[in-house]
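First to last, the protein sequences are chains A and B. Numbered according to my numbering, the first sequence spans residues 1 to 111. Numbered according to my numbering, the second sequence spans residues 112 to 223.
Simulated from the structure, these hints should not be mistaken for laboratory data. Some clues are possibly wrong.
Stated by the list, open to error - The calculated label-pair distances, taken between Cβ atoms and stated as ranges, are: (1) K2/A / T125/B: 18 to 26 Å; (2) S68/A / G151/B: 42 to 50 Å; (3) G54/A / R174/B: 24 to 32 Å; (4) L223/B / Q31/A: 38 to 46 Å; (5) S49/A / G139/B: 15 to 23 Å.
Keep in mind it's a predicted model, so treat the numbers as computed, not measured. Cβ coordinates follow ideal geometry from the N, Cα and C atoms, glycine included.
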Amino acid sequence: RKEVEQDPGPFNVPEGATVAFNCTYSNSASQSFFWYRQDCRKEPKLLMSVYSSGNEDGRFTAQLNRASQYISLLIRDSKLSDSATYLCVVISTSGTYKYIFGTGTRLKVLA
Amino acid sequence: ETGVTQSPTHLIKTRGQQVTLRCSSQSGHNTVSWYQQALGQGPQFIFQYYREEENGRGNFPPRFSGLQFPNYSSELNVNALELDDSALYLCASSSPGPETQYFGPGTRLLVL
């Protein structure tokens with residue numbers, strides 16, 4: 001089983017739709033969690049950190065469920081510019097801090 | 112922009128050759144991590160350097176090695192290149208610990 005798993009998609013949604021992605025992780029001792037966005041042939045860029053209390057940044061909301069070991073990302077009122085691959089990242093603390101990436105979920109917002 | 116730079120942007124090598132990739136970290140960051148991203152996959156952790164010492168390693172063979180310099184810039188060296196080494200190589204800089212990492216634009220390596 002992979003340490004971090006995501007549905008690769010693609011998720012094709014119309015503009016204005018709400019879309020949600022989940023990401024599960026296997027290491028219950030994982031400490032920190034992030035969502036990164038990666039555009040085609042570009043580097044990953046931090047979208048937001050994920051906290052147990054949940055956090056919101058404009059149209060984006062991230063949640064962490066430690067009991068079920070998953071994180072989620074909700075995008076409201078999707079824009080064409082939201083089309084990208086969304087990578088969840090879990091920081092593993094097995095001896096040292098390592099970023100463990102999921103394979104990414106591809107989102108395509110359609111006009 | 113993150114302030115993390117990488118060189119070269121693209122590289123073509125043949126099997127068996129050796130390659131060196133370079134990364135300059137963001138000002139104020141003393142930790143550099145290297146990742147390999149194959150097409151359609153998420154980045155895979157290669158190793159991390161903190162204050163010029165290796166501070167963690169992923170499941171990569173010893174022919175992947177690295178260095179960090181006193182100015183916190185870093186090199187990734189790959190010996191005896193294989194076709195499967197073709198990928199995007201990303202470096203990321205951060206402060207130590209479970210902190211946000213900021214990625215450079217990557218080096219695309221093609222091994223023929």
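Status of the hints after comparison with the structure:
1. K2/A / T125/B: 18 to 26 Å: 32 Å, violated
2. S68/A / G151/B: 42 to 50 Å: Cβ of S68/A to Cβ of G151/B: about 27 Å, so the range 42 to 50 Å is violated.
3. G54/A / R174/B: 24 to 32 Å: Violated: the Cβ-Cβ distance is about 44 Å, outside 24 to 32 Å.
4. L223/B / Q31/A: 38 to 46 Å: 41 Å, holds
5. S49/A / G139/B: 15 to 23 Å: 19 Å, holds
Hint violations for this structure: numbers 1, 2, 3, all remaining hints satisfied.
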